[in-house]
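There are 2 protein chains.
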Amino acid sequence: MADIPARTELKVTTGPIRGSRKIHVEGHSTSSGQAGVRVAMRAVDLEPSSGDPPVSLYDTSGPYTDPQARIDIMAGLPELRRDWIRARGDVEEVAQRDVKPEDNGQLGPDRSGGVAPFPNVRKRVLRARPGHNVTQMHYARRGIVTPEMEYVAIRENLGRQQAADAIRDGEDFGAAIPDFVTPEFVRDEVARGRAIIPNNINHPESEPMAIGRNFLVKINANIGNSAVASDVASEVDKMVWSIRWGADTVMDLSTGRNIHDTREWIVRNSPVPIGTVPIYQALEKVGGIAEDLTWEIFADTLIEQAEQGVDYFTIHAGVRLPYVPMTAKRVTGIVSRGGSIMAKWCLAHHKESFLYERFEEICEIMKAYDVAFSLGDGLRPGSISDANDEAQFAELYTLGELTRTAWKHDCQVMIEGPGHVPMHKIKVNMDKQLEACGEAPFYTLGPLVTDVAPGYDHITSGIGAAMIGWFGTAMLCYVTPKEHLGLPDRDDVKVGVVTYKLAAHAADLAKGHPAARAWDDALSKARFEFRWRDQFNLSLDPETAEQYHDQTLPAEGAKTAHFCSMCGPKFCSMKITQEVRDFAAKQEAGLLNNSFVPSEGFPERSRGVEGREQDVGEAKSPLQKAGGAGGGPIDLAEAEAGMEAMSRAYNEGGRELYIGQGRREHD
Amino acid sequence: MADIPARTELKVTTGPIRGSRKIHVEGHSTSSGQAGVRVAMRAVDLEPSSGDPPVSLYDTSGPYTDPQARIDIMAGLPELRRDWIRARGDVEEVAQRDVKPEDNGQLGPDRSGGVAPFPNVRKRVLRARPGHNVTQMHYARRGIVTPEMEYVAIRENLGRQQAADAIRDGEDFGAAIPDFVTPEFVRDEVARGRAIIPNNINHPESEPMAIGRNFLVKINANIGNSAVASDVASEVDKMVWSIRWGADTVMDLSTGRNIHDTREWIVRNSPVPIGTVPIYQALEKVGGIAEDLTWEIFADTLIEQAEQGVDYFTIHAGVRLPYVPMTAKRVTGIVSRGGSIMAKWCLAHHKESFLYERFEEICEIMKAYDVAFSLGDGLRPGSISDANDEAQFAELYTLGELTRTAWKHDCQVMIEGPGHVPMHKIKVNMDKQLEACGEAPFYTLGPLVTDVAPGYDHITSGIGAAMIGWFGTAMLCYVTPKEHLGLPDRDDVKVGVVTYKLAAHAADLAKGHPAARAWDDALSKARFEFRWRDQFNLSLDPETAEQYHDQTLPAEGAKTAHFCSMCGPKFCSMKITQEVRDFAAKQEAGLLNNSFVPSEGFPERSRGVEGREQDVGEAKSPLQKAGGAGGGPIDLAEAEAGMEAMSRAYNEGGRELYIGQGRREHD
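Just so you know, the protein sequences line up as chains S and X, in that order.
Yeah, the first sequence ends on 690 if you go by our numbering, and it's all consecutive.
Yeah, the second sequence ends on 690 if you go by our numbering, and it's all consecutive.
Please keep in mind that the hints were generated in silico from the structure rather than gathered at the bench.
Mixed in with the good hints, there may be bad ones.
It does not matter which identical chain is used: a pair holds within one copy or between any two.
Under the rule of at most 20 Å between Cα atoms (straight-line distance), these lysine to aspartate or glutamate pairs were calculated in the EDC-like manner [what the hints assert, rightly or not]: (1) Lys-431 to Glu-383; (2) Lys-609 to Glu-413; (3) Lys-609 to Asp-95; (4) Lys-609 to Glu-424; (5) Lys-123 to Asp-202; (6) Lys-146 to Glu-102; (7) Lys-374 to Asp-605; (8) Lys-450 to Glu-194; (9) Lys-450 to Asp-512; (10) Lys-450 to Asp-195; (11) Lys-123 to Glu-566; (12) Lys-431 to Glu-602; (13) Lys-34 to Glu-566; (14) Lys-609 to Glu-375; (15) Lys-374 to Glu-602; (16) Lys-450 to Asp-202; (17) Lys-146 to Glu-116; (18) Lys-45 to Asp-211; (19) Lys-34 to Asp-573; (20) Lys-45 to Asp-95; (21) Lys-123 to Asp-89; (22) Lys-45 to Asp-202.
As the structure is a prediction and not an experimental result, all values here were calculated from the model.
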């Protein structure tokens, strides 16, 4: 055990993300009388030449990127929500359930090498006082705005003080995204089940976040797949690493040995909600024999994990006996592990699933700790061929039925979705889910839009994820390049997270989320003005962006040059655009508005889109904000000087013109 | 010069793609009386246990992957089309235009190190005899089915002998994709301008291919961006490397020194159509001063490149003087290099573009060599903010006008498109292009769906590319991870090509291309049956797939195991599915058809989708073809033996259950 802390401290990545500052936005006291909350975000300062204020970005990385925070993996994170939870007066402290050998899969001799127990395990844990319900949905339905809800509201606004600067331009397919998120709006979304705030009362370390169609699209990263059960350090490191790059929640899918202790290390050190699939551990407790599973063992596992602080459980209660035969003619049968465990149980006993039959008893456990349901899609398709088939949709409608049951208990619910779906079959998945599950948040794995690219399934699934996120999916479960092939390493985790973050942001843009567009515009403007450092710092992955740049351009010089080497001064795009602006200014209105386009050329709908675009351009273009069409903050003297310098280099260099580099594109 | 051959022969990658065989499908004599054609494809042989025939895949790699072919970069490729071209009796041989120093940018002293001229330059080249027109469109409109058209037809069918095995299941937005492609269908598509076959009569080395909405979606790779003008070897290598991984055409965007000689090396060794942007070279000829460009210099450049065999020219004739001011208020101005050159020229002279005014004269040149137009979108948006604005669509409608002019001359035309477009604004680009340009093939760059992920723009653009490909775009211009940051190296080229290949295939699937689905089903079935080698060999990138697999699974054993280490024998999905199938067989029809779903649960439209899916499942599932619902070719004895072996390993290994690996997915 002695080596655990050393290895852990060595391996966890801390410190600010390159070019970002940790900031905290203060809230105001809420209707529940709590003191205001402090919401962590990151700010990117721009070069003075931009004339623009810092850009605020959503920050999932927790204290690990805060230079002020002292990180001690052995002690766990500070309990941000401790007082909020206790102030509600509806919880009681009880002795934590004793850890049994089988909780760690200790049946027979342990060949795993063992895992050091977390040094700071709580002896006493919280649960709802008898007759009480501690779910955020329960408070919301009683009109209470919790500090968690206020935290979420401030967080979703990304530091905007009001809606004035919101660029609304998108197609949200009937979502109800507000210009500005208020705590009351959050309460209402949670109350009607359109959003969840997964935060177990035994995970006070978590920073509240919302998963819902009317909020920013979230992403989940999976860890704990390690075949070396004893390597807790690398699992904790993967968790910290994945939230650094943007994972909003993390699922611990650990199996096998030491599963209980591994989870404790992860939960105590996680500022984001942790999800699990309890049936995995229950299976360990019966030696891996699916047919030996019982309700009692499963329920005991739920309580064990709820006491540790797991924030949401994947439960495959929709895999019903009559649906199992519907998978018989599939190309890839049942690919969900939890789904096949339950299918196996149902067939072995020729009985209905105990998860389905005991569902209300499960609700009683969930609401005593505020663990959210993630209703698993155990019959999801595992291939393009099986997409949208009878078994998949039969289960989906059962998940809708279970959602209504959970809501009777004020339990928070999200619904898991596929999987493998070709592009033309994606939207119907969203439409059916909204209809079957009463707008409960949808949480999908991809979907992969083709099966022919193993090794690139972060991309095949990123395509489907961006699309279904646009259509209304609230959280996207990442897929790494190793999907279907092997275990993701640290690099795979980063690539998976960044890929899903860009897919989620693309969805926010397309939905017209008011806080999404400003980020793109800031980066685009930095690119146009050759503010290379701002371009890197505003990137999802500043380190990779700068590294790629420096491979072909002289590092320091090019970062400040007012053009990139591909253009040369003869037609630096910025210079030409300045000429265009001067020319435009001289034009008489007639030429500017000349109608060269046949009126039938622009159908009503399209003109609508354009109309908005034009208005937006007029009112909100960063260049305009920075000083009108005249080019704003561009320092022409400085630019001319740069031109002069480059002009010499250009002539000495043989008057070569390069392309394909910097912000200028092919042809 | 002496070292060129050595370096070249060293660097070009030859030999079969892992797991694939080069095959040739024979055609029959055509209406034009030609002998039948031999169409190259690659075949992937499956393990005998599959019971399935080899899978035929589209092959862009040319002779380089043919063990029978002798590759000599110094001599160039054999002239596949030589006799077809001459047999038409409408071409004459003329002396090739003398190469001038300025063709290679030799103004002033050469500091580039120089480039060895291609050793095998033709002294005499072909052009149409006076009064003749040698475009494929001209033949098509006269009812002639050329060998090129027959080659395309066979190629698009991927070796299928008839339409019987076609799985039709998709949304094609009004395209007219046939179950089976006939030479007559190709002729008709070319005649009406919905498809082009870019193959200059002076590029007889090329293997005919079609770009059109009713054919497989194609991808283009850009090369020639090297800042080191003398490194011809690496440019030729990049061309060969990009077609190995699936590039259907290659654009040579070389600039600066030795541009003429570099192009000759590339064209003579390319089995795919080569595209260029002639304005780049014209600009070299006037020392890089845009305002010094003249029609005479541009026309001379077109003839120079047409004689070398360039198959399509990007020409920015839609950048008209009145549109230039429309870009004044953009965040990123004009990002197309060709577009900014012409904008600069128009402003400097306050005159209409000579490309626009002399367009019919350009057509006269194009039809004398059958060079296809790729009408450039010089005013495309360079950022999310500028997408779908007035300038972009003004130019698009002018490109439509120019398309109709080119068609008067029977010139082949495709239209270039954006660029940077958020998801909700992509489809209107396709709709407007179809309407404005009379269904001429659309050729887009991405589009990128967000600007916040430099370093990952192959993915941000791959998302947009898959979507617009589904909507009807005929060819997708790749974007590499270095876009906006630097020059792509060999690895970037491969990642860009594979990413775009998977996007194009996802589009084919969604459109319901009859030849697309079989590939996914073959790989899905191999995955389900744990035929690891087949899974690798069927992948877009077999080498990466196997490498990722071997990083975590024992190489040889796992590749033949009938399950992957993540499940263990206790619930191998294949075994469970077998049980499910036996169970299902025993079920009385009543239970199978039990109606658990509220009828209002399935709106008409959705039921339609499902209906097709069900029918497809019943009639066409590979498993069905392989022997009905009983599990087909699965050898249960072999499986049991494997189970037994794994069962021992499983118990000895401490009964660990792993997940996240192989074909089983998260939860």
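Hints, verified against the model:
1. Lys-431 to Glu-383: Intra 9 Å, inter 73 Å, cutoff 20 Å: intra-copy only.
2. Lys-609 to Glu-413: between (65 Å within a copy, 19 Å between copies)
3. Lys-609 to Asp-95: neither (64 Å within a copy, 59 Å between copies)
4. Lys-609 to Glu-424: neither (66 Å within a copy, 28 Å between copies)
5. Lys-123 to Asp-202: neither (51 Å within a copy, 62 Å between copies)
6. Lys-146 to Glu-102: within (16 Å within a copy, 81 Å between copies)
7. Lys-374 to Asp-605: between (78 Å within a copy, 16 Å between copies)
8. Lys-450 to Glu-194: For Lys-450 and Glu-194, the Cα distance is within 20 Å both inside one copy (14 Å) and across copies (12 Å).
9. Lys-450 to Asp-512: neither (32 Å within a copy, 37 Å between copies)
10. Lys-450 to Asp-195: both (13 Å within a copy, 15 Å between copies)
11. Lys-123 to Glu-566: For Lys-123 and Glu-566, neither the intra-copy (45 Å) nor the inter-copy (46 Å) Cα distance is at most 20 Å.
12. Lys-431 to Glu-602: neither (65 Å within a copy, 37 Å between copies)
13. Lys-34 to Glu-566: within (19 Å within a copy, 31 Å between copies)
14. Lys-609 to Glu-375: So Lys-609 and Glu-375 pass the 20 Å test across copies only (17 Å; inside, 78 Å).
15. Lys-374 to Glu-602: between (77 Å within a copy, 15 Å between copies)
16. Lys-450 to Asp-202: Answer is neither: 25 Å inside a copy and 25 Å across each miss the 20 Å cutoff.
17. Lys-146 to Glu-116: within (10 Å within a copy, 93 Å between copies)
18. Lys-45 to Asp-211: Classified as neither: same-chain Cα gap 30 Å, cross-chain 62 Å, threshold 20 Å.
19. Lys-34 to Asp-573: neither (27 Å within a copy, 25 Å between copies)
20. Lys-45 to Asp-95: So Lys-45 and Asp-95 pass the 20 Å test inside one copy only (19 Å; across, 59 Å).
21. Lys-123 to Asp-89: neither (37 Å within a copy, 63 Å between copies)
22. Lys-45 to Asp-202: Answer is neither: 25 Å inside a copy and 58 Å across each miss the 20 Å cutoff.
Comparing the model with each numbered hint stated earlier shows that hints 3, 4, 5, 9, 11, 12, 16, 18, 19, 21, 22 do not hold.
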